[in-house]
Amino acid sequence: MRTGAPSYPVAGRVVVSAGPLTFVLRRRAAGMFLLLLALTAVAVVLSLGVGSTFVAPADVVRALAGDGPFTIVVQDLRLPRIVVALAVGTLLGLSGALLQAVSRNPLASPDVIGVSQGAGFAATVVMSTDLGAAWLGPFALLGGLTAATVVFTLSWRYGLAARRFVLCGIAVALATKALTEIFIVGADAIDGQRAQVWLAGSVAGTGYAEARILLIPLVVLLPVLLWAGRAMDTTALDDGVARGLGVRVTQRRLLLGVVGVILAALAISQAGAVDFVALAAAQLARRLVRAERPPLACSALAGALLTVVADLVARTAFAPVQLPVGVLTAVLGGPYLLWLLVRRTP
Amino acid sequence: MRTNRRLAVLAGSAVLLAAAVLLSLAAGSRGIAPGRVLQVLLRPDDSDASAILWSLRVPRTIIGLAVGAGLATAGVLMQALTRNPLADPRIMGVSSGASLGVVAAINVFGLTTLPSYIWFGIAGAALAGTFVYALAARARDGASPVTLALAGTALDASLTGVVIGVLTVNVKTFDQYRFWAVGSLSGRPIEVALWVLPFVVAGIVLAFGVAGGLDALALGDDVARGLGRNVGRVRLAAAVAAIVLTGAAVAAAGPIGFVGLALPHLARGLVGAHHRWVMAVSLLLGPALLLGADVIGRLVVPPAEIRAGIVTALVGAPFLILLVRRGRTVTA
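Quick note, the sequences are listed as chains X and D, same order.
Letter by letter, the first sequence follows residues 1 to 346 in my numbering.
Letter by letter, the second sequence follows residues 1001 to 1332 in my numbering.
Since the hints were made in silico from the structure, they are not lab data.
Yeah, the Cβ is synthetic: ideal placement off N, Cα and C, and Gly gets one too.
Don't take each hint at face value.
Partial pick of chain X residues on the chain D-facing surface, computed with a CB cut under 10 Å [unchecked claim]:
hint: 1; residue: 154
hint: 2; residue: 164
hint: 3; residue: 169
hint: 4; residue: 174
hint: 5; residue: 276
hint: 6; residue: 280
hint: 7; residue: 283
hint: 8; residue: 321
hint: 9; residue: 341
Given these sequences and hints, build the entire structure.
Quick look at the structure:
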């Protein structure tokens, strides 16, 4: 430890300093981060190997390096889709953590504040009209962002109170969902069925083009996310207390919420409303790290892991029928969250 | 809040409900004049109006009353139990439990008629609700609001996933299931209404019984204990009532959103946080909203219909937003 650095008497935290940088490291969070990273890597290798042709893990690793007989299967056929699943999960995990911190509600997720429904409505409209499939992504993104803007506008009244935010969000979400259902009922059966699958969320048939759309904004937003990781510490405080500490509560809450909404709208525009990931990833990460608030980095990894595993099961369990990945994220993530909740040891 | 004002609200709600019931009986692709409605109700005859009224609109209205009252009261109970404004009857997995029960009835037992699903719906709802409550009660802090809400949402998502999974793989089940799952009051025979009513009545009686306990619970567990309440027993009774009400409502009409979520907020905005009053107002306004939505759905695109669940959300959302913006929501 550098001389002069304040001693940090909180258990489970160490001060790390490397050259000019000094930061506090939460030991359990760091450990969980590495564990989740390792698990995600294992899941990716497994998912690359399983399918109509089985590739042994060792061969998968060789193929990733561009060597061996399975290069085409692994690199060209399976990898793009898995990268999309990873990206979607990461974005949704981050978004869930941010939105839950902003709304101070463990049930908050993109579908509580209308992002999923807005995107779903736009996507349904595109599918039931003659607009080409190329417009699906942009319209869905626009729909999600529009719905969120409406929610922010409606809940804005001398600031952004957490409770008003979620309640306006759910009202907009339910109304938009009702509009979508009217469209689905009025549409052709085929279009309706397609819309249903899209609404459940699926990464089938996606590739690097979609991954690029997801990952470039993530990289751009990285500095903001680094700030958010620290800024979130004050979101749990009472508004008055936070103000007393000199925090600009409204601005901070708005910025965190906007970032969360953008991430969710991006993910949903490319993969459909993979709903449960955002809620579950943040809560899983929070319980694994034993933190007060959903930790950002671990939520991102938990989301990625959940989505990759769900995608693996979705395309193999009832092969050749592919289930929407959104179905499996709930079936796999739900019980695990239940188990974490009822575990008696803290 | 003054009792006079509360009584006025209650009376207003009752008038609204009476109007909604009369409209629900009179309006449709073939309208019947209100005077004629009363005449035929008192003395059924051989006319078309009598046939339409007794075979179609009376069952539909009774189901609307039962489902609206059940969902609204269940919503009050759930929001009090979880202390979460986002809680609705879905939150204990009850709604998706009923869905899974119906899917099992179609897929495993090969049942084909709506009335035969209803017991499976109720059984599925009861199993899922009991499971969530038992699980949450096992947690360290004993069925605390957050644990209950999260456990319910997790189970709800999982069961919904299973239902969608089965429906995706099995087209034949999907074809039958969708008639139940549309969340509508129409096409239900009178038997469905008569089977559901006792459950709803029992649930409402139990709900009013624990209303005082819920008031104490809203002050926090310790204060409630200090006031001489048995916290665990109040929670259990409220949960049982919520499960019975939601199970019966969902089994009869399919999943209908919004009523259970929004009505409690509306009622609290009108009469304050006293649970007995909130329940009484919800009990009247819930069916009024649902029947009103059902009537609108019948009239906008005749002879086709927009199902009640959709109209409820479209009509109710602006109200909820207005209420929230005016800062009239009172904490559960």
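Okay, which hints does this one fail, numbers in order? none
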